[in-house]
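> Sequence:
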Amino acid sequence: MKMKTIGIIGGLGPETTAEFYLEILFSCHQKNKKQRPPILIWNVPLDLKIEEDLLLRSKGEERYLPFLIDAAKRLENVGADFLVLPCNTLHIFIDDIRKAVDIPVLSILEETANFLKKKKIKRVGMLATSASLQNKLYEKHLVKEGIEQVIPNDLDQARIGKIISKLVVSRHANKDREELLKIIDKFEKKGVSTVLLACTDLQLLIPEHSSLEIFDTMKILADASVDEILGE
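The numbering of the sequence shown is my numbering, which starts it at 39 and goes up by one.
Simulated from the structure, these hints should not be mistaken for lab results. From the three backbone atoms N, C-alpha and C, an ideal C-beta is built for every residue, glycine too. Mixed in with the good hints there might be a few duds.
Unchecked claim - Here are the simulated PhoX-like cross-link-like pairs (lysine-lysine), alpha carbons at most 25 Å apart as the crow flies:
hint, residue 1, residue 2
1, K220, K160
2, K200, K228
3, K228, K182
4, K224, K155
5, K158, K174
6, K200, K213
7, K257, K155
8, K158, K224
9, K174, K137
10, K174, K213
11, K157, K257
12, K227, K157
13, K204, K97
14, K257, K224
15, K87, K69
16, K204, K182
17, K156, K137
18, K97, K157
19, K71, K87
20, K178, K228
21, K257, K178
22, K160, K174
As the list claims (entries may be wrong) - Using C-beta positions, here's what the derived DEER-type ranges look like:
hint, residue 1, residue 2, range
23, G117, D223, 43 to 53 Å
24, K220, L103, 16 to 26 Å
25, N115, A56, 33 to 43 Å
26, S249, D140, 41 to 51 Å
27, M39, H247, 32 to 42 Å
28, E53, G184, 32 to 42 Å
29, L63, R112, 19 to 29 Å
30, K227, I141, 40 to 50 Å
31, K156, P104, 31 to 41 Å
32, G98, D140, 40 to 50 Å
33, K157, K220, 42 to 52 Å
34, R161, D134, 27 to 37 Å
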């Protein structure tokens, strides 16, 4: 069968890009055992200081845009049929990326909101970067579907930021998973039964045991990407 070629704007962060790539391969194999999918990845050559400023200080996101536009055009020029950006925070630039190329760009925000709508979820706890929350990336998409987002307190949000910054440079430890689980469990006291990992790097620390239902936005985007690859 003729598969579409996916172009992945990668490296934001590296481990997440690798996991996203493997998830695409695994999911495609589950649906089509005769052929591996064509995948293109451009690893964004980003200055790590820019990354640190965004993750820890929620500033300087505009410095990402030239890198993202360059990546999108490179992937389009070498044959990608559609693009994905497995990073929630940088979807602040999704409209700019779409304007820069002539091929479709899937949105993790749109795919996740649609997923939650199909699940008939009306209230969700958000685990995201401070930049994502400040820019209200998910809010308009969730409100449109009648879904309320519940966010952590300021202290827990600062802890989440530090955990994410360690994930991006592959320095996370088991204690980070334990701390994340404690933050997740606090949502239950707020009457929340569903938690959204609205930062793709957090999938690297998905707790094995939680009384709450946890959905991973990276997996949601990967599933939507596989459907696009296979033309479903």
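> Are any of the numbered hints broken by this structure? If so, which, sorted upward?
Hints 10, 15, 16, 17, 18, 19, 24, 25, 32, 33 are the ones this structure does not satisfy, whereas the remaining hints hold.
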